[in-house]
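Protein sequence lines, in the order shown, are assigned to chains A and B. Residue 873 is where the first sequence starts when you use this note's numbering, and the numbers rise one by one after that. Residue 26 is where the second sequence starts when you use this note's numbering, and the numbers rise one by one after that.
Treat the hints with care, as some may be off.
Said to hold, decoys possible - For the chain A half of the interface with chain B, some residues (derived, Cβ under 7 Å), not all of them:
#1 1245
#2 1248
#3 1255
#4 1293
To be verified - Calculated cross-link-like contacts (lysine-lysine; reagent style DSBU-like; alpha-carbon spacing at most 35 Å):
#5 A/1332 to B/353
#6 B/369 to A/1165
#7 B/234 to B/129
#8 A/1175 to A/1084
#9 A/1116 to B/61
#10 A/1356 to B/353
#11 B/60 to A/1390
#12 A/1116 to A/1130
#13 A/1350 to B/353
#14 A/1186 to A/1234
#15 A/1008 to A/993
#16 A/1291 to B/60
#17 B/369 to A/1234
Derived from the structure by calculation, the hints contain no laboratory data. Here the structure is a predicted model, which is why all the values come from computation and not from measurement. The beta carbon of each residue, even a glycine, is placed where N, CA and C say it ideally should be.
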Amino acid sequence: MLLGMHLIQGVVNMANSILSVKGLSVQFQTDSEQVLAVDDISFDIFESETFGLVGESGSGKSISALAVLRLLPRSAQMSGNHVYFKNQDLLTLTETGMCQIRGRRIAMIFQDPMVALNPVKSIGFQIAEVIKIHFKLPLPDIYDRVLMLLRQVEIPSPESRIHDYPHQFSGGQLQRIMIAAALAGEPDLLIADEPTTALDVTIQAQILTLLKSIQDQVGMSLWLISHDLALVSTVVDRVAVMQKGRIVEVAPTTQLFKHPEHPYTQTLLAALPSLNSCNAGALLTRNNLLEVKDIRISYPVRKGIFNRVVSHIKAVDGVSFSIQEGKTLALVGESGCGKTTLGKGLLNLIADVEGQILWLGKDINGLQGNSLRRMRSNIQIIFQDPFSSMNPRMLVGQIIDEGMRALHPQLSSERRDSKVAELLQQVGLPVECAMRYPHEFSGGQRQRICIARALAVQPKLIICDEPTSALDVSVQEKIIVLLKSLQQQYGMSYLFISHDLAVVAEIADELAVMYQGKIVESGPVYQVLNDPQQPYTQRLLNAVPKIIRD
Amino acid sequence: MIILWTDALIYLLLISVVSIGVLLRNHDGLKRPLKKIAANKSAMVSMIILLLFVAVGLLDSIHFRAEGQRSSGVISVLDYCTQPLWHHTEKTYSAPFSAYLYSKEYITQEGGHQIWAFPRLKFGGSHLTHPELEKTADVLSLLMTGLSKGLILCLGGLGLRGVFRGKKSEQVKHRYRPGFVFITISILILGVAGLIELSMYYHIFGTDKVGEDVFYQTIKSIRTGLVIGSLTTFIMLPLAVIFGILAGFYRGWVDDIIQYIYTTLNAIPSVLLIAASILMVQVYMANHPESFTNLESRSDLRLLFLCLILGVTSWTGLCRMLRAETLKLREMGYVQAAKALGVKPFGILFQHILPNVMHIILIAVVLDFSALVLAEAVLSYINIGVDPSTYSWGNMINGARLEMAREPVVWWPLIAAFVFMFVLVLTANLFADAVRDAFDPRRSQYGQ
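Just chain B, with the same shape it has in the complex:
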């Protein structure tokens, strides 16, 4: 077992989120918003998909030593589960579901003479003798196998749920009727099962330049995306919220100091800061080779530093917005009334100011999350992003620069990265919208 820095921080974040949830479990004001989220179908679908992403990310954040596996000898639980994917390495590019390589080669035939043709892949579709004739039927039958496996799983789950429910409700019919959430999960399970079955025999998103499976790269990138999105937010949020609210609430010299800090920070080009700090880390790692024995810990430190420096440079915008909103809120009647009632300043900040700027924070965080995933791609482009050996959508998009210029075009790495990024950002946006609406009592449908 090896604990990388980002692994530790991710699980720390997870534990703190879960424990806050447990602490607030019986809070009066939370019941209505939660019910409202549960009633919102698009929010629930988004949440389930997000949870799947998070689960993949979490599985990918438990690393252990496996001698002889890969160059570094360190793999994650996700790697362990998806062994066939990264064992199946081809020579170079191959299209999705293809049985042939994407470029022609001289192939030596049995007779000894050579021909100039597309060679067969080592793994993709290698069980077929005549791929042109058999492929479609094979893909369909594999898909059906996968779907039926998934279906068995779903039905099992439904039965189990019914048995558990049996204690509560007597009606058999009601007990076994699948709910909305259950249907969504089932569809997801079916899809995942089909993909797993197919990916055993084909490269469903093709392979990249060095013949690595793109599907594998894409799901490995989920962790990088989540780490950059969540850790950066985790660093940026306290800075923005604390400074913004304090500046707006206390005004005077507190406000002056905080304003000077963020205008100064804003005046420095952030790319410069990021480049400097990444170079600093690289120099540090070069001078202390004994602390970084494997590739994983080197690229991990670079990722962590990237999060840190992105966090430090990106809090100013939100801070400014929160300061402006707090300046407005502090003159509101309820804040004045709370002062007159003798509520202490920190009580006012937590009871009155913070809940009323929460919607701004939520929107900013979700928008920043998507912006950060994109920023990572941009930074990788100028070589100050994540380590080139780290799987990330940014690196994939960066690589696509040359692939798009090829003739014929290699489109699948870009599309794969795009689809996954799109789904993650979209579901995060939809879910955050629903959360914001649910926690705003003025939008509540109940009790009117």
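Just chain A, same shape as in the assembly:
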């Protein structure tokens, strides 16, 4: 009886499964070794289902999607039992056959809409192109379809915008256009590879809701690939967790979040930053280390033959805040709100900063020459992108050593070497790393080296400019823990710039929310997060994906 049930269920699943992957493996052949990127994965995606594939970077999620579409680079070798798409085995299909599948039956949208669209063609043309390939329609009909698609993805006044070029749209709108182009072939399955990663939090939520509503309308299946567990939890029906090329767990969403079975899933869930973890303790008032009064930074807009300044763009527009000794102030806002500009302005990396920057009561704005260099050791910065923030041609030891050489030239080279070793240990890296190059390290390790470089000159304030946003969840967690423990050890302050409220909740004591160059709300972190006053703060908070645990 049980066996019979099982069989029947199996048959039913086979019947309405739209994509059935069995034993798929992908190998990469490099000069020196073979890398198994995808290791014997099997899963099914059913009709009208939203399927989530979650894993950290390098776990092979994008590669498996590309493998299904047979779009892998030449250095990859693919093998597998079968990849059935509606009873058609994609592994044995001819290349011409695949062309009829791609775009028409299975469509894909990519992470970064800015690079996926051709900048010199209008968006209408690019969507129409997809329609022309798959359907034989007269031109006016194609035009109507493009308009319909643009309406479907909720682009305002599509009639007037159909001839616009990609640069005239915002990132969120571009992703909508990409979705429209993907929908143009009326696919049965839409693969969305990190569709919201390059977008702001509030826009992320909009795009996901849009995808979900379109899926309901047209009844296609959606395969969502993401590194963000919390995000996935809000939309998908079933989740597969991928680790190092293997699928370690597949379960319906609610079940997975309630009872994660595999240890890796458990650690992933535990590493998720959550809004509830914020420090609710009473704040002791300490001395103000840095006080910023009415800072304004604007970029000149130049035009004409003599590059005359015709107007200014206000990046930071009258911002005031203060940071106490040994405390962390978080600056939160969406991209383009001026938070990074503000950070660079405080460091005097940007010229023409108006206003007062008081360091222990003394104005340091506009310092130059030696007095500026003396101030340098007090404030340091950690950048977002750990890949571009280190000179690829310098050894890690030299990188960490650089600041000491510049600011403390009196130190002997032995002293500096021992200091480098000490710093490496403090950020949790082996001492031998000093003789290696930055490209030999992973993102998280690089960020540790950047922290060591900043620590080398014993700063009292470190500006952390999105230090974790380029990292995986589990690595992100470790960097936050490291930053916290270093703060306890040395008692320095952080200005933590981020777009992620959940991360901020983990580390910050105080919070300032920035919107269009102004601070709209500030206060102790638990107060702002639990009782936001301003509508913008509320919107930000609502956009943070919350895991449905029950």
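Since chain A is already given, all that's left is putting chain B on it; use the hints.
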């Protein structure tokens, strides 16, 4: 001993390169790249061949007075070593390894009557009585003699190396096993020895219109090629690098001024500038005959001026590329971090900007080097290149214009110049590729 301007500059360049090498000898970051170059076989072969070229060029850059020799009475060490080559002058064209002239003449025979035939050469194959029958065997036996002389030299070298190594390693077998570099050098020595032996009795690349040995012309042209390639680069590089990086790094008015300079310079046709300056030098030399008593110093000054003017006109392209790259680099995280760490602007330029544009400089220099050797040929064609009396591949190619139109065709000067130019440019390219790869840590195979 006579020191010409280009000689002095070449040795100055050599001394500065060697002293930079000595200064950087113990630099930490250099060990891995050097090891990597040493492990790259094509790079090592290229380097050894390049070194041979450079050695020939250097030998040709030491001039001294030898009364009665040649018209000017000035010869170089290379000339001294290759005396038989330029003493063996024929009447006119003769093909490679030929014993006869390339054109028919009336020859008066013993009986007194004249015949219309190819006369025998004065030197090429003159030791043979019946060239048609004996030549092949003679060439082979000469080649064998040369090769065996070379072989003796190589074996001697191997033995010597073994004796020196004996101090380090005990194993006799390991001591006398020839390494890869040694094999390459040996092959080169064998080849050179064979060529020397053959060139004593034959014109291995034939002779040109006035009967001069083409092989001699070709190796004399090495110096001209190297001088034009290296001195021009030496003049062009500082201009391009300093202006390009400063414009990109400081922007603002510095950038404006530098951009105006190079757009202005770019707008002037460079052929016009070169022609003007070469004519200027010629006028100067005509007005000051007392300072230029011999032919060598006249043609040398013209060569130097050519390098100078080529250098001044050719830096703009590289400068533009470096400016663009620096504009990108100055916004990179590591440059910002260095600023925040209080590193002075010049420290940033040397530590962060310069090493990261080095690959562009290297590629541009090697490509320019080949382009300059070719430019010399083009300029010689319109008579504003090197002095017609200077041996250069450009002049040889220029001469080939008429030779190719002859019937039957005279092909050997062009081929000889082409082969040597090709080898020089190819080895320079291969070596530069290897250097670029080795100094890019991201391509490094070690430590991963």
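Interface hint compliance - residue 1255 of chain A to chain B, C-beta minimum distance less than 7 Å: At 4 Å from the nearest chain B Cβ, residue 1255 of chain A passes the 7 Å test, so the hint holds.
Proposed interface contact between residue 1293 of chain A and chain B, which counts if any beta carbon pair is under 7 Å: Where the cut-off is 7 Å and the nearest Cβ of chain B is about 15 Å from residue 1293 of chain A, the hint is violated.
Satisfaction of hint between residue 1084 of chain A and residue 1175 of chain A, Cα-Cα up to 35 Å: Between residue 1175 of chain A and residue 1084 of chain A the Cα gap is close to 44 Å, so the pair fails against 35 Å, i.e. violated.
Satisfaction of hint between residue 353 of chain B and residue 1350 of chain A, Cα-Cα up to 35 Å: Given pair residue 1350 of chain A, residue 353 of chain B holds - Cα atoms ~32 Å apart, limit 35 Å.
Given hint residue 61 of chain B paired with residue 1116 of chain A - CA-CA distance at most 35 Å: 32 Å, holds
Restraint status (C-alpha distance of residue 1332 of chain A to residue 353 of chain B at most 35 Å): 31 Å, holds
Pair hint outcome, residue 1356 of chain A versus residue 353 of chain B [Cα-Cα no greater than 35 Å]: Distance ~34 Å between residue 1356 of chain A and residue 353 of chain B Cα, so the pair holds.
Residue 1248 of chain A as chain B interface residue, shortest Cβ-Cβ below 7 Å: 3 Å, holds
Given hint residue 129 of chain B paired with residue 234 of chain B - CA-CA distance at most 35 Å: Within the cut-off at roughly 14 Å; holds.
Interface hint status, residue 1245 of chain A versus chain B (Cβ within 7 Å): 4 Å, holds
Distance restraint between residue 369 of chain B and residue 1165 of chain A, which requires alpha-carbon spacing of 35 Å or less: Holds, because 28 Å separates the two Cα atoms, which is no more than 35 Å.
Pair hint residue 369 of chain B and residue 1234 of chain A, alpha-carbon separation not exceeding 35 Å: 24 Å, holds
Checked against the numbered hints above, the structure breaks hints 4, 8, 11 and satisfies the rest.
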